[in-house]
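**Student:** Spelled out, the chains give:
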Amino acid sequence: MNEMQEQFVAEARELVHQATDDLMAIERSGFEVERIDRIFRAFHTLKGSAGVVDLPAMGLLLHAAEDLLAAVNAKKRPVTTALVSEALQCLDQVSSWVDAYEARGALPAQAGELARSAALRLRAFLSDTTPSGAGATAQAPAWVTALVDQVSASDRSSKVLLALAYVPLPGCFFNGDDPLGLVAKIPDLLALSVEPREAWPPLVDIDPYACNLRIHAIAAATRDDLAAVFRLVPDQIEMFDVPPLAAATAADSKPATLLDDIIGCQIAMLENAQAHDNLYGRYGSAARAAANALRHFARNDLASEVEAALQRARVQQSSGPVLETLRDLTTRLVTPLASAEQGQNGAPAAGRSLRIDEARIDSLFNLSGELIVAKNGLAHLTQRVEAAVGDGDLGRNIRTATENLDRLIAEMHAAVLQLRMVPVSLLFRSFPRVVRDIALRLDKQVELTVKGTTTECDKNLVERLFEPLLHLVRNAVDHGIESPEQRRAAGKPEQAHITLEATRAGDRLAIDVRDDGRGIDPAAIRAKARERNVMAPEDIDALSDDQSIQLIFSAGLSMASAVTDISGRGVGMDVVRNTVEQLGGRTTVTSTVGAGTSVRLDLPVNVAMSQIMVVAAGGQLFGLPMDVVSETVRLTPDRVSQIKTNRGFVLRDRIVPICALAEVLSLPGRPKDAQATPLLVVVETGGKIVALEVDAINDRLDAVLKPMQGLLANARGYAGTTMTADGRVLLVLDLKELLS
Amino acid sequence: MTVRQDSGIIVLEGDCGPDDAEALLKALLAAPGADIDWSACVRLHTAAIQLILAAKSPVRGLCGNVWLRRWASSIVQH
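Sequence lines, in order, name chains D and G. Here our numbering is used: position 41 in the first sequence is 43, and no number is missing along the way. Here our numbering is used: position 18 in the second sequence is 559, and no number is missing along the way.
The shape of chain G in the complex, shown without the other chains (with noise of 0.2 Å):
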């Protein structure tokens, strides 16, 4: 499991590949607004990062893949 809720908080853990997009989506439609903890996602595809975009949802902690928390200022900038 890639995608959970975990206390109001959407986490992601590990390879978040372009299947958990949907999962995403299901979780950022039920808990509108809510921060997703992404420091223990190693990889995050471009279909889950789009996501997190459109929903203009904060970010917590800092990403589990290095080039993502290297340029995360750059992508979601809400």
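Chain D extracted, bound-state conformation (with noise of 0.2 Å):
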């Protein structure tokens, strides 16, 4: 990508986020001048800059949306949530080509095609009337049906047929077009005929430098072999099935890899979802099989698109993104694009801001995070150098050496962290969008109220929390909040709030999700936990109201009373609560009846640095994540109680039950010695308190975790790796895994 191209990408992206949120301002407020102007403006620039890097699809769809935009800023339509839902449909569309425009510097090949349909769709519109050919397929026109005699009656039987027409700009020879040329390349073309647009002037008055043609023709070619050809030109170009004579062959005699066929039944399956489908489930399950298959067959960039693909597709509640990429991949994998020209970018773009791969940054936080290993090395040699040469100058310059490295690779660690930290306003620009659609959809009045969106935390975190927020909002609007004439009954103004906020204290993030709707029950949650068996029943008959509300994270226990495409399968705090864990968070829920439910995610600000316990069991040495540890404990005999074969002992009134961590790992565990006393490790996780018996606690690391890998990827039960002091692998151990 060069400069432009670039400078075109950030732009696009900009304008886009602008745009959608003036156009949601005046949905809202209704008709303002300025904010219409700037709407105007941003479609317009888009198309500007869509034919400058030269994508007419891009340019012919948002010229569509201008047109509408116009006669709204001219008065003569209103602002109404259709048109609002029809520009914001737009942006999404604009929005995903150039995600895909900046992965691979062209279009989607159906970009012409989807531009072209979504182009009529917007003047239909316009003028009030249903599209001529409403949906993706156009209906077939007089002359494919004169053409089409052409073809031989074997060819029409045994092919599938596509007709083409194309009108080509009068003014296309002087951009470099040879139309006739472009035919000459359709694949397996079977009838053409090539016709003046106008009828042709005296030859004194002819202009040799304008098109006068219009050209159909017929081809046993795909929609996307077309689209390939005439990539240039999509505006120009209109294409229509050609319905076949017989009873077509079923499998077609492309030879499809084991991918294709995998990535084909995705399509096919969400194809032949019905509407009242689980369609959630659907495209869900058919983004990650063809995603699992595409990493099976190291494509693994592909396969990240395909989750980026499913990400909007859950944003818009619809299995549109995952299918169209889908498609495009199909295409894609059959002729492998030469990869775009990448890192020879020039001069980087003036200004205080450079705009660094990110790739570059995760490398040298890799690098940091080594280096500290190092140091952690280093400073233990430095011990033994002391402890060798004694209180001379040696071990006394060694050890002043050994502090300043130590304090600048502090430093420089922190400021590659600050490298890593985004606004959370990356992390919440897409929930206004969210809100309203579910909103629009459930017939609720809810307004979005984002705060904190300067606070920064660590990239990661914005890439992770998206889902868990997600659910988080999506819950919030169809659970939460009542329907506009229960808000009435209860006195409450029928326009709900729900306020999204960042704030942060140290190195801690809370992100908050508050509404102002029916509330929890805890009378209701425990019933339902009863019912689903959940815990023991004398267990939540024990539980406080406050804790009672906790269990909405279990697994199973979704509380809308009828499970509706957009939350409500139970799957999503479970997951919530998992995603913040693994982020080394916790998540908390406060509700008062009638008064609205508050969720808040509390997490670290850097995931990347994690405490590390060392301690020692069975021989070996093991780490355990500081977060879950509460205490360390050395009790007297006394103080253990026997209960049948396990032993526990009282701590702060709660009974707390013992584990030896040799046992948990199925290492031989030291001789039980009578008298000894016992070491203990207090550690807190997934709501159960466990105490770990260890033979020494050892350390206190700042390490930075590995994950698992080759072959101990799958092994479970540990969160990671790290090394020690003295160079040995620590295993670090993921204590909820191990203990559930």
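No wet-lab data here; the hints were simulated from the structure. The reader is advised that the hints may include incorrect statements.
Label pairs and their computed distance ranges (CB to CB) [stated by the list, open to error]:
#1 G:Gly558 - D:Arg290: 51 to 61 Å
#2 G:Asp560 - D:Ser129: 40 to 50 Å
#3 D:Leu205 - G:Asp547: 33 to 43 Å
#4 G:Arg610 - D:Ser320: 47 to 57 Å
#5 D:Asp263 - G:Arg610: 34 to 44 Å
#6 G:Val607 - D:Ala76: 47 to 57 Å
#7 D:Leu366 - G:Asp556: 52 to 62 Å
#8 G:Pro599 - D:Thr147: 27 to 37 Å
#9 G:Val607 - D:Gln152: 12 to 22 Å
Calculated lysine to aspartate or glutamate pairs in the EDC-like style (CA-CA distance at most 20 Å, straight line) [to be verified]:
#10 D:Lys461 - D:Asp364
#11 D:Lys494 - D:Glu449
#12 G:Lys597 - D:Asp209
#13 D:Lys738 - D:Glu665
#14 G:Lys597 - D:Asp207
#15 D:Lys738 - D:Asp655
#16 D:Lys187 - D:Glu240
#17 D:Lys187 - G:Asp556
#18 G:Lys567 - D:Asp207
#19 D:Lys708 - D:Glu360
#20 G:Lys567 - D:Asp209
#21 D:Lys453 - D:Asp514
#22 D:Lys690 - D:Asp604
#23 D:Lys690 - D:Asp548
#24 D:Lys377 - D:Glu388
#25 D:Lys494 - D:Asp445
#26 D:Lys738 - D:Asp604
#27 G:Lys597 - D:Glu200
#28 D:Lys690 - D:Asp514
#29 D:Lys738 - D:Glu686
#30 G:Lys597 - D:Glu197
Computed list of chain G residues with no C-beta within reach of chain D, every gap over 12 Å [said to hold, decoys possible]:
#31 Thr543
#32 Ile550
#33 Gly555
#34 Asp578
#35 Pro599
#36 Arg601
#37 Leu603
Ideal placement from N, C-alpha and C gives every residue a C-beta, glycine not left out.
Both chains come to you apart, so use the hints to assemble them.
**Tutor:** See the structure below:
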């Protein structure tokens, strides 16, 4: 990508974002000259830039949208929700094309067709008619029937045919186009007609450089084939399916690889999905199956594209993005694109900010992590040197040098972490749209307030928190907020409020999702928990109201009485808690019946660095993540009580079971010594409290965890590895998994 | 030279690019109704083809371009 293209991508995203905000604002507040002007300008600039980087399909779509907005601007059309939805949909499309353009320097093959049908829809909307060919495929016009007669019967019955109308722009010769030259590239051309677009003028009046042709063709090619041939002039062609003569033979002769087959099946499944099906489950599993298959064949780049599409699909509540991406993949898998020009960027952008490839920052970050491990090793050596040389100058100097290094490395690591910090606004920016769309579908009036958007956190958090927040916000609109009638009856304003707020305290980031809806009834939760056997009945009875409502985070406890397609499968809240815990955070919910619910995600700002406690058990060293360790206790034997075969002790009025860590890990334990005073590490995780008996507590480390790799990648019970000060590999335990 | 007149016939030779359209138009205006011989023409730009269509000129011989030869009847069907 050259500088101009990069700038286009950045600017287009900014414009899409700004126009989205403004569109939602006018939807709320009605006609506002200034905003409409700004929206119009955004579309206009987008259209212009699309022309500059030569994306005619995007230009075509934006042109139609611009016309619609011009009508609004001229007060010929009122601002309605339907109109805003049309414009937003157009921006969604643009945004997904910008992503595609950034990824591989071109729009997907079907972009032209998509743009045309979308433009048709926008124009129909503008003229209050239904588009002639509503849907993706337009009805075949009369010339198709005439032309298809020229195709032999055997071709007609054995091949899937496509008709193409190509009306080159009058000025196309000046763009270097040779329309018939393009037509000559159509694979398997079966019939052709060339006629004047307008009747020929007398020869003396003819302009030899104005194209006046209309070309019709029939080919045994796919839409993608034709889209590829005409990729530079997608705005000038139109495609129509030719109805088959006889039943077409089902299996095409195209040799499909396993990967093609897998992706093809996912496409078929999505295409056959009915509106009332569990659409969410369908496109979710289709995307995952495709992504897994792609990963298996080492196409991680494509797998990430599919996952990105899934995320868009979740936001849009439609399988469209997934389907589109999968279709696009099928064509690209057949003809792998030559890798786009990369890494030949010229001078860095001027100004005070510098755009840097994320991968470079990540590698810097990894190096800095290694440096910390190396430093830990040096600290260990320094101690040995000091012990060996005694209290001399040499020992002192080495210590001072080590301490300096220590401080510098800590500062450098902090600086590198700072590079990874991004404002929370990146995470929050899609939510106004999400709330609007869901509220619209549920006939609820909801206003979203977003606060603390300049708060910064690690980019990792922004990436990982999107999904949990999406669940929370959806839940709030779907279950938390009452219908306008119910709100009126309860004496509340019809318009509900949801607040999304980020606050930072020290190295913790708190994200709150608050609604002023119906709240959570602890009694109802307890009843549901009993019904679903979430835990033992006597334990449920013992819960306070506050503790009861935390149960909404348990697996399989959905609070909606009816499962809707927006939320309510009881998986969401579980996912929220798991994701947040993986990031080293906690989730809490507070709620007042009738007044609303508030969910707080409390996370470390930097997920990258973990504090580890090094313990010995069964003759080996293990790391325990400090964030689950609540305290360490050395017990006198009389405090240990034997309950049947289990041991336990009382810690501040709570009975805490004791487990020997060596036993949990199936390692040989030390011979039991009745007089021994067990050394215990009390850990709290997943709502459980357990005291782990260890042989020794050695050390505390600041460490960067490396995920388990290779053969160990799927080993359960381990969070990752790091190096101890003396260079040994330390396995860090995932206690939640281990103790469940 | 890709467009030349030879005893009342307009002869197209070699690669006729978009710039040759003007020469072809001049030739057509100078000799209305003249035949066009395209047997030595290996490429013919759309700008030139549309002039042959507009002038309804009869073409002679098999076109030197394989694709145009295959589709000649569909394109220049006066």
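**Student:** Taking the hints in turn, state whether each one holds.
**Tutor:** Structure-based check of each hint:
no. : hint                            : in the structure
1   : G:Gly558 - D:Arg290: 51 to 61 Å : holds, 52 Å
2   : G:Asp560 - D:Ser129: 40 to 50 Å : holds, 42 Å
3   : D:Leu205 - G:Asp547: 33 to 43 Å : violated, 20 Å
4   : G:Arg610 - D:Ser320: 47 to 57 Å : holds, 49 Å
5   : D:Asp263 - G:Arg610: 34 to 44 Å : holds, 40 Å
6   : G:Val607 - D:Ala76: 47 to 57 Å  : holds, 54 Å
7   : D:Leu366 - G:Asp556: 52 to 62 Å : holds, 55 Å
8   : G:Pro599 - D:Thr147: 27 to 37 Å : holds, 30 Å
9   : G:Val607 - D:Gln152: 12 to 22 Å : holds, 20 Å
10  : D:Lys461 - D:Asp364             : holds, 11 Å
11  : D:Lys494 - D:Glu449             : holds, 14 Å
12  : G:Lys597 - D:Asp209             : holds, 16 Å
13  : D:Lys738 - D:Glu665             : holds, 16 Å
14  : G:Lys597 - D:Asp207             : holds, 15 Å
15  : D:Lys738 - D:Asp655             : violated, 23 Å
16  : D:Lys187 - D:Glu240             : holds, 16 Å
17  : D:Lys187 - G:Asp556             : holds, 18 Å
18  : G:Lys567 - D:Asp207             : holds, 12 Å
19  : D:Lys708 - D:Glu360             : holds, 19 Å
20  : G:Lys567 - D:Asp209             : holds, 12 Å
21  : D:Lys453 - D:Asp514             : holds, 10 Å
22  : D:Lys690 - D:Asp604             : holds, 19 Å
23  : D:Lys690 - D:Asp548             : holds, 16 Å
24  : D:Lys377 - D:Glu388             : holds, 16 Å
25  : D:Lys494 - D:Asp445             : holds, 16 Å
26  : D:Lys738 - D:Asp604             : holds, 18 Å
27  : G:Lys597 - D:Glu200             : holds, 15 Å
28  : D:Lys690 - D:Asp514             : violated, 24 Å
29  : D:Lys738 - D:Glu686             : holds, 9 Å
30  : G:Lys597 - D:Glu197             : holds, 12 Å
31  : Thr543                          : holds, 14 Å
32  : Ile550                          : holds, 17 Å
33  : Gly555                          : holds, 16 Å
34  : Asp578                          : holds, 19 Å
35  : Pro599                          : holds, 15 Å
36  : Arg601                          : holds, 19 Å
37  : Leu603                          : holds, 16 Å
Of the numbered hints listed earlier, those contradicted by the structure are 3, 15, 28.
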